[in-house]
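J.: For reference, the chains in residue letters:
2 protein chains.
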Amino acid sequence: MAQDKQAKKLIDYVNPLIGTQKMGHTYPGATVPFGAVQLSPETDTIPYEINGKYNKDVYKYCAGYQYDDKTIVGFTHTHFSGTGHSDLGDFLIMPTTGTLQLNPGTADHPENGYRSAYSHSTEVAEPDYYKVKLEDHNIIAELTTSSLVGFHQYTFPKSDDAHIILDMMYGIYNYPDKNVWTYIRVENDSLITGYRQTNGWARNRTVYFAMAFSKPFTDYGFQDNSKKEVYRGFWRKFKMDKNFPEMAGTQIRAYFNFKTGEGEKIKIKLALSPVSTHYALENLYSEIPGWDFEKVKEAGQAQWERELEKIQIQSDRKEEMETFYTSMYHAFISPTIYMDDTGTYKGLDQQVHMADGFINYTTFSLWDTHRALHPLFNIIQARRNSDMISSMLAHYDQSVHHMLPIWSHYANENWCMIGYHSVSVIADAVVKGNVHFDANHALDACVATATHKNYDGLGYYMSMGYVPEDKNSSSVSKTLEYAYDDWCIAQMAKKLNRKDIYDEFIRRSENYKNVYDPSAGFMRPKLSDGTFKKDFNVLNTDEPGFIEGNAWNYSLYVPHAPDELIKMMGGKKRFVAHLDSLFSMQLPDKFFEETEDITRDGIIGNYVHGNEPSHHIAYLYNWTNEPWKTQEKVRMILKKMYLPTPGGLSGNDDCGQMSAWYIFSALGFYPVAPGSDRYSLGSPSVKEALVHLENGKTFTIKALGQSDQNVYVQKILLNGQVLEHNYITHSDIMKGGELVFYMGAKPNKKLYR
Amino acid sequence: MAQDKQAKKLIDYVNPLIGTQKMGHTYPGATVPFGAVQLSPETDTIPYEINGKYNKDVYKYCAGYQYDDKTIVGFTHTHFSGTGHSDLGDFLIMPTTGTLQLNPGTADHPENGYRSAYSHSTEVAEPDYYKVKLEDHNIIAELTTSSLVGFHQYTFPKSDDAHIILDMMYGIYNYPDKNVWTYIRVENDSLITGYRQTNGWARNRTVYFAMAFSKPFTDYGFQDNSKKEVYRGFWRKFKMDKNFPEMAGTQIRAYFNFKTGEGEKIKIKLALSPVSTHYALENLYSEIPGWDFEKVKEAGQAQWERELEKIQIQSDRKEEMETFYTSMYHAFISPTIYMDDTGTYKGLDQQVHMADGFINYTTFSLWDTHRALHPLFNIIQARRNSDMISSMLAHYDQSVHHMLPIWSHYANENWCMIGYHSVSVIADAVVKGNVHFDANHALDACVATATHKNYDGLGYYMSMGYVPEDKNSSSVSKTLEYAYDDWCIAQMAKKLNRKDIYDEFIRRSENYKNVYDPSAGFMRPKLSDGTFKKDFNVLNTDEPGFIEGNAWNYSLYVPHAPDELIKMMGGKKRFVAHLDSLFSMQLPDKFFEETEDITRDGIIGNYVHGNEPSHHIAYLYNWTNEPWKTQEKVRMILKKMYLPTPGGLSGNDDCGQMSAWYIFSALGFYPVAPGSDRYSLGSPSVKEALVHLENGKTFTIKALGQSDQNVYVQKILLNGQVLEHNYITHSDIMKGGELVFYMGAKPNKKLYR
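Protein chains in written order, with numbering that gives the first Met the number 0: chain A, 0 to 752; chain B, 0 to 752.
Here chain A stands alone, though its shape is the one from the complex (with noise of 0.2 Å):
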């Protein structure tokens, strides 16, 4: 038994196919930790209008993939993991037998085109390996990645028609028109060359590939589906759409042809890069040289258990170790690492930078990952959320408009959500010492940052104190936000000896409580007379002045001064009925339909846990006298929202934001506010984890008396001494050491007191 134990791996316990199903928006397929490839199968191709008017299923589709679907269209080189809007989906190459087929079909009538129908008895999800029957075609598909490289194998019946398919027509978010070029180059028979240009939600989003076959191509050609003549030359030399080496058009699909033996293998490798075809052929040569496709996945998935033993937690369930680690998982996918294996990559001001002594990484959705992820990689991926700075500071650098990344993605601004919550991270890191990076120019960019007139609804902000709702949308969210953003830059300034900062920002961080009416008892849109706005419903997420959050949830984000916001909100056995009504209240279905990005499931009373507003609230008890509800509250959030299954994510994972919420709750504290050097204390509910820092030094967690009836803290001991209040900070962590939780099935009320 022990020894089985120990054979087991930690790649094991992941299963990518978790959060597949309904609102997780994760992909299954292939990609490295962090890896500027990940190739994943695409389940149908939904266009973004039907007759004009948005398609609302395209939603469904952040990731490419859902796993109710019968068939699968072929599979793509990029994708986010579980973000609530999309993008990419570049690439999308699909093996075929028989007649020729460029169109992709209808998920109804596969036949009728490239897709093929597949089953999940058939489908093999682990962490970077991917394998599928395409039944259709009588193939086997497997997928494997190294950073900026995706590795195909197909393996295919006896055919004297056997096809590649390369679909340049497809992409996640397909806008009308969203391709503005795309560009194939045949180099020679078994290589090609290209780009994708898009006008998404991106701006301007070019990805660079270069894609090696294994065997020759017979023949080769391509079919445009644009309206219009691309190619304009008088006199035309050639026949264009048989074996003319530069094919290139907005809708194009381009097929190579092959005779197969029974059983034989065509290999694909195709690299990306930021820059250009030539670095994709550089970084296609030198990071997989040849053809060994089981060295590469067994490469990729040692790397993964690298990772993943960075917390080694004990477990007697099965279901929690898949949960735990599927998390770890998720929490290790984005951002992405975002430049060729020489250190070029594009950067915002679309000029050829080099990342000079960091990897520069992209796709920052800061709104949500600010909350939990980052304050993670502080702890077990130091060095990464270093970079990760690095690359924001080089997008600020890059940025016309002097800003950090809102939501950035490729080279691009997509402005998505609110606030300014690079502030949070980089305040967060410099608290905590973790910095590879000029802080003080980290500072410069936040403060130029938070202070941009231009920039939603800031202007107001910082003349009158809160944004009003009559000059500009989601004014309480933003309002809120803002308040929190500033006390981030104020702790930074702080640490970095610049008062005159402090104190500007130290009394912005106070702005909260511009938007609390003491009579409603409620945060409350306030127009720019001074007066609250009149129509005021404090359960409806869609309420003019919100954004992902009700007032019920969104009154309680003052993550930077819970003790004053308690006080302002009648103190604290008000603020827990408040938090008591919030978990066990009936949100009224019509309220519901208008959350977004959540099932039902993703939803406790009125509290939302599928939206990132709310991912602080149940820790918030620990500021009342009754801190053993943040305990119960945080074993049940973790029990009913995270399930080992594909349809076991209550809500977007959100580059890996829900998944850490999940990793830090299980390992029982949690950053309430990044830019504060505290974790506060909750219920663990593994029996034990090892935190293996990169300091070299190991943090251990024991939960003694664990069970999950037993999810109530009687006693806490910090290397051997008694915890008298109900936080560990970042040092307790750094310097490694023991916490030791005593558990019980009932609350011990005197406990932190």
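One thing to keep in mind: the hints can contain errors.
One copy or two, either will do: identical chains are not told apart, so a pair holds if it fits within one copy or between any two.
As the list claims (entries may be wrong) - Below are the DSS-like pairs computed for lysine-lysine, each with C-alpha atoms no more than 30 Å apart in a straight line:
1. Lys512 - Lys238
2. Lys533 - Lys238
3. Lys532 - Lys238
Derived from the structure by calculation, the hints contain no laboratory data.
Computed from a prediction, not measured in an experiment: that's the story for all the values here.
Since the structure of chain A is already known, use the hints to place chain B on it.
T.: Structure of chain B alone, referenced to chain A:
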């Protein structure tokens, strides 16, 4: 008088307006010799299609300007000179006063748009200087350039409402959806950068710019005229149409506002780069660091003066001086420099390259320019011509087709016209010893190009000895031109001692014989079964089998073997009769109407000077017993086809080919078969010419007894020795020396006998 003459500079004889009326397709604006920027006015906005149908008027605007137009819509930075198809017209700038208007208006109602009426009375066009009054706005516009920078100087009236418009929608040959993407980035209040990416004649062409204003603008904004949404951020953080520093889309027009005092000058420097906005900025600062307009103009004009001085002629007639030096001017515009000042450029493979040891050029209209322009360069622009060949070889190295340029511009091959005349240019330089490139590599490139079986009927030509008209159009023209090109390859191979190649290609060079129909006495389309096509009209230019020339003209196109041609066509007597008829017969109007690119003035009888395939024809009498008719016809053509007026060019100048014909013929000799070192002698129209060579030597031509009547050559002395044959060689010229023509009013029929 003598002093006056000396004071007059050669640039004073240049009139850039020559050729701007009707079919010359030259532009009147500012450029330096072979400059990357061609800054010139646009006189209309011509849609490529009207109601979905091709708009024939587009053709008139190949260079953006038509002399008869009454309005100017603005000034753009890139133009072809004299082409019969077009592209370019990048970055239209227009200064205006009064209410901001962001549409150009119409020629009939300029007041409805930003365009302005203008008059030729206020217009000044000089080498590298253009000036005009924009009457609607009371603005004096002045333009000058350095190689990569366009310098604008606008003298405003007093206005609180002054604007600089940057229209990214404008373009020459504006196909529907020609703009793939355009982008403007406002770096600060007096500097912007950006690019324009188009899908036009060039399949995918991107030009980057950096644009500095001498005075800060007060505010700015843009209009997006595309139907589709181009910036899809779900949450719009900014009011994007005003003062938002990233303006992008496919159909945008930007404006920059100013207040001006009476007579205040606003200056603009706009630099181009083929690579990036970063390099555009570097080019801007390296070429024109300050704001001294006069200094830049003086430098540009001094550069022109130096180039024009390469041939100093004497003539009593101002008209001849103007025609000659404007021809020199037009000959020294294309190909244009296509690299940054650092040597970086974008290659045909879309990668960034560094020009190593040569200046990289683009705009190779080789079907035209191989005839006389590049041979002229071998004499007076020798190093540049060698660098042009290096640029062509770089194109070859970057070509996925492994072919030399056919008609290439701006990192694109547009495949226009026929043949593979790069080989003529290269062979001519190799045979004449003007080689600063790897001649053997160049020969390999020529052979690879000439054996590309998929190219334009070449597979048939190689296997059958001719292009069969039922398999590939313009089959006679192609067969004849391939045969000539093959002879060029043979000459080069001979010089490089590659006997195998010589043998193969000298054999191929006889393929012209395969399309000669002795029963008709003309070259005639042959079918793949070996029979001649039945229906056959020898006058029709649009006749199947031919392109830009009818059978009468094209049957004479065996420039490399006139003796053989004459024999084949029945001997010297019958051949002279054919030539005589050509010049004297009446071409019915209906055939002229189908003759492209030329005015009625471009024809003498059925001899079409406005198109290139006939350019050698007048010299063919030299191979008969009546060479004096060459002298007569050449002088007639010089007189009738070239006038120093806006309408004075009888056909497209074709990147300088028409002008190069003039220069050679005016000097008294012409390269009938580039690739040979011989120049066939005609009748000089100048009295005297000094040709200054790059080797420091001077070749002097004198025409004693020169007059309008004395067009016949009586005797020729080369360096004091009577010349016994009707040609000189390249080395005769390069050694320096003196060629003296004795002119008379009657033919000396014994000359050369």
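J.: Run every hint past the structure and note whether it holds.
T.: Outcome of the hint check:
no.: 1; hint: Lys512 - Lys238; in the structure: between (70 Å within a copy, 28 Å between copies)
no.: 2; hint: Lys533 - Lys238; in the structure: between (69 Å within a copy, 27 Å between copies)
no.: 3; hint: Lys532 - Lys238; in the structure: between (67 Å within a copy, 24 Å between copies)
Checked against the numbered hints listed earlier, the structure breaks none of them; every hint is satisfied.
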